[in-house]
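Let the sequences and hints guide you as you build the complete structure.
Spelled out from the first residue to the last, the chains are:
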Amino acid sequence: MLIDHEKSQALAENLANQAEVQGRSLWKDAANRFYHNKAAMAGLVVLCLVVIFTLVGPLFAQWDNEEIDWNALGNIATAGAPSIETGHYFGTDELGRDLYSRVIQGTQVSLMVGVIGSLIAVVIGTLYGATAGYIGGRLDGVMMRFVDIMMSVPYMFILILLMVIFGRSIFLIFIGIGLISWLDMSRIVRGQTLSLKNKEFIEAAIAAGVPTFNIIVRHIVPNVLGIVIVYATLLVPQMILTESFISFLGLGVQEPLTSWGVLISEGAGTMSYGTLWQLAFPLFFFVITLLSFFFIGDGLRDALDPKDR
Amino acid sequence: MLNFIFRRLLIAVPTLIFLVVFSFLIMHSAPGGPFDSEKPIPPAVKANIEKKYGLDQPLYKQMLNYIGGIVTEFDFGPSFRYKDRTVNELIADGFPVTLTYGFIAFVFAVSIGVSIGVYAALHQNSWLDYSTLSFAIVGQILPNFVMAPLLVLIFTNTLGWLPGGGWEGGKIQFIILPAVALGTSYLASIARITRSSMLEVLHSNFIRTAKAKGLPYKTIIFKHALKPAMLPVISYLGPAFVGMITGSVIIDTFFSTGGIGLHFVNSALNRDYSVLMGVTILLGTLTILFSTLVDILYAWIDPKIRY
Chain A
1 MLIDHEKSQA LAENLANQAE VQGRSLWKDA ANRFYHNKAA MAGLVVLCLV VIFTLVGPLF
61 AQWDNEEIDW NALGNIATAG APSIETGHYF GTDELGRDLY SRVIQGTQVS LMVGVIGSLI
121 AVVIGTLYGA TAGYIGGRLD GVMMRFVDIM MSVPYMFILI LLMVIFGRSI FLIFIGIGLI
181 SWLDMSRIVR GQTLSLKNKE FIEAAIAAGV PTFNIIVRHI VPNVLGIVIV YATLLVPQMI
241 LTESFISFLG LGVQEPLTSW GVLISEGAGT MSYGTLWQLA FPLFFFVITL LSFFFIGDGL
301 RDALDPKDR
Chain B
1 MLNFIFRRLL IAVPTLIFLV VFSFLIMHSA PGGPFDSEKP IPPAVKANIE KKYGLDQPLY
61 KQMLNYIGGI VTEFDFGPSF RYKDRTVNEL IADGFPVTLT YGFIAFVFAV SIGVSIGVYA
121 ALHQNSWLDY STLSFAIVGQ ILPNFVMAPL LVLIFTNTLG WLPGGGWEGG KIQFIILPAV
181 ALGTSYLASI ARITRSSMLE VLHSNFIRTA KAKGLPYKTI IFKHALKPAM LPVISYLGPA
241 FVGMITGSVI IDTFFSTGGI GLHFVNSALN RDYSVLMGVT ILLGTLTILF STLVDILYAW
301 IDPKIRY
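Line order of the protein sequences matches chains A and B. For the first sequence, the numbering used here assigns the number 1 to the initial residue and increments by one for each residue that follows. For the second sequence, the numbering used here assigns the number 1 to the initial residue and increments by one for each residue that follows.
Please note that a few of the clues may not be correct.
Partial pick of chain A residues on the chain B-facing surface, computed with a CB cut under 8 Å [as the list claims (entries may be wrong)]:
id: 1; residue: 145
id: 2; residue: 149
id: 3; residue: 154
id: 4; residue: 157
id: 5; residue: 161
id: 6; residue: 249
id: 7; residue: 251
What follows is a list of derived Cβ distance ranges for each label pair [what the hints assert, rightly or not]:
id: 8; chain 1: A; residue 1: 68; chain 2: B; residue 2: 84; range: 39 to 45 Å
id: 9; chain 1: A; residue 1: 254; chain 2: B; residue 2: 302; range: 46 to 52 Å
id: 10; chain 1: A; residue 1: 169; chain 2: B; residue 2: 48; range: 31 to 37 Å
id: 11; chain 1: A; residue 1: 170; chain 2: B; residue 2: 165; range: 28 to 34 Å
id: 12; chain 1: B; residue 1: 14; chain 2: A; residue 2: 28; range: 42 to 48 Å
id: 13; chain 1: B; residue 1: 84; chain 2: A; residue 2: 254; range: 29 to 35 Å
I should point out that these hints are in silico values taken from the structure, not numbers from a laboratory. Virtual Cβ for every residue (Gly too), placed ideally from N, Cα, C.
Here it is in structure tokens:
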């Protein structure tokens with residue numbers, strides 16, 4: 001009897017403990033996998049540091065990004081070198097402007113281009129792809145042929161054309177990048193939607209009389225979100241590369257605004273004058289940020305891609 | 001197969017038309033014509049100039065004339081900025097240069113990329129395999145506009161081995177840096193793609209059968225494994241080619257090779273619309289044609305692909 005009593009007590013305790021254990025959602029599983037990916041976590045930390053640097057960095061700047069240091073101007077190679085005393089932590093650029101402030105500004109602009117371009121892709125691409133895939137039929141054919149055509153247009157030239165004609169502005173870069181960034185996304189989402197739309201829960205929603213638009217937004221989109229997030233993360237560096245490419249040519253953002261492409265281009269133009277820091281600092285931020293995004297994207301893919309489970 | 005080619009062309013042709021019409025319309029909606037200068041010219045003179053370039057005709061007629069000129073005589077019209085030169089001359093001037101180092105970069109990227117990829121797959125988890133993987137990641141974040149300055153910094157400014165710019169009629173030492181700068185990131189991607197597809201093929205059943213049959217190692221690799229492993233690489237050649245054409249703009253500008261990309265950027269900065277448009281249409285047509293070609297080639301090689 002005593003043993004039985006103990007047993008049942010233990011059992012009750014066990015049950016009580018079990019009730020406290022919460023079921024793990026798929027998202028939690030994915031998060032766990034992501035936390036155990038060292039490269040991805042390192043990328044996340046570095047990226048956070050870069051973001052913090054762009055936010056906190058200006059507080060320590062002793063020079064404005066447009067201000068010209070006349071003492072350094074005639075003699076950039078020595079007077080404009082990175083030093084704590086002059087307040088130019090990263091040195092100055094060829095015009096005697098503080099590179100520290102300019103790198104911060106360039107980082108802000110480039111990151112913004114990447115993130116906004118990626119957001120546009122997420123919103124337009126997801127809705128477009130889900131609509132095409134879910135409704136299907138002739139509409140799907142027309143919508144996807146349009147994507148095919150848009151994808152084979154050499155967009156870099158079109159983008160430059162737009163910048164030349166309508167003037168170089170950051171706004172136009174957003175529009176231009178937004179025009180092309182969602183194409184791949186819509187294809188991926190459409191493919192996922194095709195496999196989702198015959199599932200029972202969609203059938204149930206149809207039977208319950210949910211309008212088509214609501215089915216797409218409430219039932220299809222949340223289920224493709226995993227792959228959308230992965231792809232959006234990988235899209236950010238691509239957008240940054242596109243913007244840097246155009247800015248490197250001198251056709252991108254206009255002074256006094258700056259971006260990594262402009263800074264790398266300026267640094268590359270003056271590297272034979274012994275002012276290597278002008279290339280090194282922007283390049284350093286460019287490389288570590290892009291690397292972080294790639295590692296985070298890879299980590300997210302491993303964490304969220306159902307094929308690897 | 002014919003059906004597939006027809007459907008692929010059904011995409012390519014509207015794309016081409018879209019490209020031409022879109023760039024034409026956008027050119028002409030531009031604020032400020034090519035002959036607006038700071039000093040106002042007499043209306044009669046302006047009318048004469050506009051008549052000479054056909055700018056007084058209605059827009060659709062201008063467009064038809066322009067397209068007709070390209071299709072029938074390969075004539076892109078006169079340059080608006082350099083009064084004595086036609087766009088054709090500029091293109092004839094710059095295109096061979098771009099083509100030369102572009103072709104070398106392409107061959108360089110494909111041959112070395114495939115070799116490294118295959119070697120890495122055959123020696124999985126060796127040091128070379130790991131260095132290939134890290135090289136592939138580095139290649140992704142070192143695009144041509146980063147590679148070019150770095151190469152010049154190392155090989156011109158520090159070592160002094162190679163010239164950091166110029167063309168000199170295409171002497172070999174002037175070609176190396178542009179070609180390497182243009183090709184490296186694609187080389188890295190091709191190596192990565194080759195490696196992973198080769199690994200997949202090597203683990204497949206038919207390779208195991210071939211091994212069980214006792215076929216020599218070389219025969220297995222080169223006769224049975226290599227061909228299916230090349231499929232993803234071929235499908236990547238299209239995007240790689242497009243990327244290199246676009247990248248040539250950077251290379252031409254940075255190395256002052258005098259290629260077609262330089263004309264493109266200069267015309268963009270000078271608002272020389274006819275050159276800008278001629279180059280856009282030429283390079284755009286090339287990319288569209290090449291992508292179509294690669295797709296058709298891919299479908300031809302791989303019988304499983306039928307859209």
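Handout entry: Closest C-beta approach of residue 149 (chain A) to chain B relative to 8 Å, hint status
Key = Where the cut-off is 8 Å and the nearest Cβ of chain B is about 5 Å from residue 149 (chain A), the hint holds.
Handout entry: Supplied contact hint for residue 251 (chain A), tested at 8 Å Cβ to chain B
Key = Hint holds; residue 251 (chain A) Cβ to chain B Cβ min 6 Å, cut 8 Å.
Problem - Assessment of proposed distance window 42 to 48 Å (beta carbons of residue 14 (chain B), residue 28 (chain A)) - result: 47 Å, holds
Exercise for the section: Have a go at the residue 154 (chain A) hint: is there a Cβ in chain B nearer than 8 Å to its own Cβ? Expected result: 4 Å, holds
Practice task
Given the range 31 to 37 Å, decide if the beta-carbon distance of residue 169 (chain A) to residue 48 (chain B) lies inside it.
Solution key: 35 Å, holds
Handout entry: Interface hint for residue 145 (chain A), Cβ within 8 Å of any Cβ on chain B
Key = 7 Å, holds
Problem - Hint check for residue 165 (chain B) and residue 170 (chain A) - Cβ pair distance inside 28 to 34 Å - result: 31 Å Cβ-Cβ, so the 28 to 34 Å window holds.
Problem - Beta-carbon spacing of residue 84 (chain B) to residue 254 (chain A) - inside the hinted bounds 29 to 35 Å or not - result: Between residue 84 (chain B) and residue 254 (chain A), where Cβ atoms are some 32 Å apart, the hint holds.
Handout entry: Hint check, residue 157 (chain A) versus chain B [nearest Cβ-Cβ separation less than 8 Å]
Key = 5 Å, holds
Handout entry: 46 to 52 Å as the expected CB spacing between residue 302 (chain B) and residue 254 (chain A), which holds or is violated
Key = 47 Å, holds
Practice task
With respect to the beta-carbon atoms only, verify the hint that residue 68 (chain A) and residue 84 (chain B) lie 39 to 45 Å apart.
Solution key: 41 Å, holds
Exercise for the section: Report holds or violated for the interface hint on residue 249 (chain A), using the least CB-CB distance to chain B and a cut-off of 8 Å. Expected result: 5 Å, holds
This entry satisfies every hint, going by the numbered hints stated previously.
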